[in-house]
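Undergrad: Turn these sequences into a full structure, and let the hints steer you where they fit.
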Amino acid sequence: NLSLPPLQEVNLNTPLDHSYNVSCIVRCLYLCTCADDTYVNGVGKAAGWGTLYENGMPSCHLRQVDVPIIGNEDCSKTNYTGDLITDNMICAGHESGGKDSCQGDSGGPLMRLMDNKRFEIIGIVSWGHGCARPGYPGVYTRVVKYLTWIKENSKEGCYCSQ
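Mapping of the sequence shown onto the UniProt record's numbering: position 134 corresponds to residue 134, and the numbering continues sequentially without gaps.
Among these hints, one or two may not hold up.
Stated by the list, open to error - For lysine to aspartate or glutamate, the following DMTMM-like pairs were computed, each having C-alpha atoms within a straight-line distance of at most 20 Å:
#, residue 1, residue 2
1, Lys45, Asp66
2, Lys145, Asp83
3, Lys45, Glu95
4, Lys117, Asp66
5, Lys99, Asp74
6, Lys45, Glu120
7, Lys45, Glu156
8, Lys99, Asp66
9, Lys77, Asp87
10, Lys155, Glu120
11, Lys77, Glu95
12, Lys145, Glu120
13, Lys145, Glu73
14, Lys99, Glu54
15, Lys151, Glu120
Worth flagging that the hints you see were computed from the coordinates, not collected in a lab.
Everything numeric in this text was worked out from a predicted model, so none of it was measured.
TA: Have a look at this one:
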């Protein structure tokens, strides 16, 4: 059983130059502080520069995909065995497959559109069995379970109030 921390901080000697890769500037983050099941049966939006299909080449452009959010009980009834899905995870994907986050998207956001027309981050792309396979939804780290850690490790970050 492989056990890795779901979140890690990376310190760089020199800042990254995002000028060629990022199409917008993030001024602050909306992090979900809601109850665990608030967004079940809603739609999540995953984004990243990952591959467009399993074992493909990374995208040259930032891509996004809408995926239905699945409750953990229902996720445990997919092709994943029940002990793989924990309370620290969110599942999202179409039962029939076809759309999903993929290799290279890991670490990117799973967001939901709030009533105020802004996106809040509810998950972080984590793992899955292949990409967009029927019966294998994408699995995301559940952000609300790590809010304390995130805020302690990004004290200089900017967070938006709801």
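Undergrad: Please verify whether Lys99 and Asp74 have alpha carbons no more than 20 Å apart.
TA: holds (18 Å)
Undergrad: Verify the proposed pairing of Lys45 with Glu95, using a straight-line Cα cut of 20 Å.
TA: holds (16 Å)
Undergrad: For Lys99 and Asp66, compute the direct alpha-carbon distance and say whether it is at most 20 Å.
TA: Given pair Lys99, Asp66 holds - Cα atoms ~8 Å apart, limit 20 Å.
Undergrad: Within a Cα-Cα threshold of 20 Å, do Lys45 and Asp66 meet the stated pairing?
TA: holds (5 Å)
Undergrad: Holds or violated: Lys145 and Glu73, Cα atoms, limit 20 Å.
TA: holds (17 Å)
Undergrad: Check whether the Cα positions of Lys117 and Asp66 lie no farther apart than 20 Å.
TA: holds (16 Å)
Undergrad: With a cut-off of 20 Å on the C-alpha distance, tell me whether Lys145 and Glu120 pass.
TA: OK: Lys145 and Glu120 at ~15 Å, within 20 Å.
Undergrad: Check the hint pairing Lys145 with Asp83 against an upper bound of 20 Å on the C-alpha distance.
TA: holds (18 Å)
Undergrad: Next pair to validate is Lys77 with Asp87; report whether the Cα-Cα distance is within 20 Å.
TA: holds (15 Å)
Undergrad: Do the alpha carbons of Lys99 and Glu54 lie within 20 Å of each other, as the hint requires?
TA: holds (11 Å)
Undergrad: Keeping to a limit of 20 Å between CA atoms, is the pair of Lys155 and Glu120 held or broken?
TA: Holds: Lys155 and Glu120 sit about 19 Å apart, inside 20 Å.
Undergrad: Check whether the Cα positions of Lys45 and Glu120 lie no farther apart than 20 Å.
TA: Cα-Cα ~10 Å, so holds.
Consistency note: the structure conflicts with earlier hint 7 alone.
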